[in-house]
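Chemist: Next come the chains, spelled out residue by residue.
Number of protein chains: 2
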Amino acid sequence: MSTKDIYPASRVTLREVGLRDGLQLVKTSPSTEAKQRWIRDEYAAGVRHFEVGSFLPANTFPQFADVRDMIQTVASLPGAHGVALVLNERGANDALESGVAEIASVVSATEAHSQANANRSREAAIANVRRLCELRDASPHKPIVHAAISMALGCSITGDVDPNEVLRLVEKCFEAGVDVVGIADTVGYAGPKQVGDLTWAAVRLAGPKPICVHLHDTRGMGIANASAALDAGARILDGSLGGLGGCPFAPGATGNVVFEDLVFLCESKGFATGIDIDELVAVRQILREQMPNEPLYGGLARAGLPRATAARAA
Amino acid sequence: MSTKDIYPASRVTLREVGLRDGLQLVKTSPSTEAKQRWIRDEYAAGVRHFEVGSFLPANTFPQFADVRDMIQTVASLPGAHGVALVLNERGANDALESGVAEIASVVSATEAHSQANANRSREAAIANVRRLCELRDASPHKPIVHAAISMALGCSITGDVDPNEVLRLVEKCFEAGVDVVGIADTVGYAGPKQVGDLTWAAVRLAGPKPICVHLHDTRGMGIANASAALDAGARILDGSLGGLGGCPFAPGATGNVVFEDLVFLCESKGFATGIDIDELVAVRQILREQMPNEPLYGGLARAGLPRATAARAA
Chain A
25 MSTKDIYPAS
35 RVTLREVGLR
45 DGLQLVKTSP
55 STEAKQRWIR
65 DEYAAGVRHF
75 EVGSFLPANT
85 FPQFADVRDM
95 IQTVASLPGA
105 HGVALVLNER
115 GANDALESGV
125 AEIASVVSAT
135 EAHSQANANR
145 SREAAIANVR
155 RLCELRDASP
165 HKPIVHAAIS
175 MALGCSITGD
185 VDPNEVLRLV
195 EKCFEAGVDV
205 VGIADTVGYA
215 GPKQVGDLTW
225 AAVRLAGPKP
235 ICVHLHDTRG
245 MGIANASAAL
255 DAGARILDGS
265 LGGLGGCPFA
275 PGATGNVVFE
285 DLVFLCESKG
295 FATGIDIDEL
305 VAVRQILREQ
315 MPNEPLYGGL
325 ARAGLPRATA
335 ARAA
Chain B
25 MSTKDIYPAS
35 RVTLREVGLR
45 DGLQLVKTSP
55 STEAKQRWIR
65 DEYAAGVRHF
75 EVGSFLPANT
85 FPQFADVRDM
95 IQTVASLPGA
105 HGVALVLNER
115 GANDALESGV
125 AEIASVVSAT
135 EAHSQANANR
145 SREAAIANVR
155 RLCELRDASP
165 HKPIVHAAIS
175 MALGCSITGD
185 VDPNEVLRLV
195 EKCFEAGVDV
205 VGIADTVGYA
215 GPKQVGDLTW
225 AAVRLAGPKP
235 ICVHLHDTRG
245 MGIANASAAL
255 DAGARILDGS
265 LGGLGGCPFA
275 PGATGNVVFE
285 DLVFLCESKG
295 FATGIDIDEL
305 VAVRQILREQ
315 MPNEPLYGGL
325 ARAGLPRATA
335 ARAA
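Read top to bottom, the protein sequences are chains A and B. Sequence positions in the first sequence follow this note's numbering and run 25 to 338. Sequence positions in the second sequence follow this note's numbering and run 25 to 338.
Since the hints were made in silico from the structure, they are not lab data. Wrong hints could be hidden among the right ones.
Any copy, or any two copies together, can satisfy a pair, since identical chains are not distinguished.
Simulated crosslink set (DSS-like; lysine-lysine; CA at most 30 Å straight-line) [claimed, not checked]:
1. K217 to K28
2. K233 to K166
3. K166 to K28
4. K28 to K233
5. K293 to K28
6. K51 to K166
7. K51 to K233
8. K217 to K293
9. K166 to K293
10. K233 to K217
11. K51 to K217
Based on the provided sequences and hints, a complete structural model is requested.
Modeler: Listed below in structure tokens is the structure:
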């Protein structure tokens, strides 16, 4: 499958990142069986893109020890697409061996955050991405390679981030052979104007290659920022069921954009997602059972579909 | 003071409606003294526009029995502007007598809701607004008259609402002598495209007269909708501290747009509000003490200002 088949430019793709980003910081994680049900039930609701875990040391991140099971679960569902995160060459080799359809890596937008978080320069992070692309090219199944620019809209260390530096990193990632570049508001600093402006520039810079916009709802701007990203031409957006997730660099941060609300937003703007909101909301029950102490967010879960939408769907 | 002085077209006006819309449905209401502190503390944070209560029968709505005290409190603060709601001629006379600076009334967007909610036709509601304007013209202090079109973006009875019917009502209100027309997504049905489209048309129809956009965050679209309303030219937006409030026609509805987050949105889009977000967030303590069982919402209260914004403000 080519990148264009997985992420067609003609429609919006919504990616469930709750199984990875959503579980990055939780104290108790769902069982493997529950995570598989989460994937299958969302698949039944129409979701096709899942970030399922990381290839990280299992003693530090036990919640991702079963990442290969998750990859298999997604691969067993026709038309479903799995993504796993790697941070170094060892992880990259493990991911390639697993057969996962997409491998994601991260480059910090600021030198200060790159050094503080990954103990390497941004140049070294780009070299890491380039190496990942080489390994992909040498692999039999050639997964999609995704590079996410973290802190692209504000940095927990430097505060403001120069958008031109972000765009230079986007360009370098594509030059390194990356298939999809992500722009991440990791700490939820941005408002819709900033998101729209950066997305607009990145989409034009990328040309036919896709840009993914990854937003956190830290300051309540998540859905407004997603709306601005869509207006600016982004066609891949990340979210997590119930807004699960947080960020180690953002105290008080409350997770990714709420997936259910993101679906409602897209449909309200005329972008068909193929996802049934009522069925999607029902999947939250798995999270409530497995992680009773994790707060879940979201307007659709609270209030249900409007009468008009419900009537049209019936 | 003319309408243009109260609502200058050159800047954004944010109105705190928590003291009226926010308290419409609560089981326990803050004391008069606490509401006065709420007003004074928000005033100190930079808020200037307050919807303070309704002239409704005090036995049905005891939370508004002290509306005259609230009007006095606002009137005592230089540059502050108070609004009170009325639903009939008796309320209008009481409001005129109170000296409140702005009197608001409501017209339902759909005939079905007008009949079910107010037991009158929309035509009768418009006649009521016209009578209010006549009473204003005959009064010594001539308060601003505001007519809000409820259910303008979706109706709890009919579902979809024809935007052309809403625009016709906007026109009729202005013809009746209204100074400001409000467009209300009373049950939080709309997404940003719908809000943007209707606001755009209403702002152009209104010409130099101001349009107020009143949004509820029922389905998590509140801030995205506010952003769309600003993009479409609206310069008056309502919100309530902590997203307080609900709606009798929207079970599970969770209040107005969060005021603090609305301030952040405006500032992030380059609209100066004159409001200090940290000081505004601190006022929530009054609500927590006075209404410990009311849920409060909001991203800024949770996560604080981003490092960049905080650094620039220092």
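Chemist: Confirm or reject each hint.
Modeler: Each hint, compared with the structure:
{"no.": "1", "hint": "K217 to K28", "result": "both (28 Å within a copy, 27 Å between copies)"}
{"no.": "2", "hint": "K233 to K166", "result": "within (17 Å within a copy, 60 Å between copies)"}
{"no.": "3", "hint": "K166 to K28", "result": "within (14 Å within a copy, 63 Å between copies)"}
{"no.": "4", "hint": "K28 to K233", "result": "within (8 Å within a copy, 49 Å between copies)"}
{"no.": "5", "hint": "K293 to K28", "result": "within (23 Å within a copy, 34 Å between copies)"}
{"no.": "6", "hint": "K51 to K166", "result": "neither (35 Å within a copy, 60 Å between copies)"}
{"no.": "7", "hint": "K51 to K233", "result": "neither (37 Å within a copy, 54 Å between copies)"}
{"no.": "8", "hint": "K217 to K293", "result": "both (18 Å within a copy, 6 Å between copies)"}
{"no.": "9", "hint": "K166 to K293", "result": "neither (35 Å within a copy, 42 Å between copies)"}
{"no.": "10", "hint": "K233 to K217", "result": "both (23 Å within a copy, 26 Å between copies)"}
{"no.": "11", "hint": "K51 to K217", "result": "neither (35 Å within a copy, 39 Å between copies)"}
Consistency with the previously given hints fails for numbers 6, 7, 9 and 11, ordered from lowest to highest.
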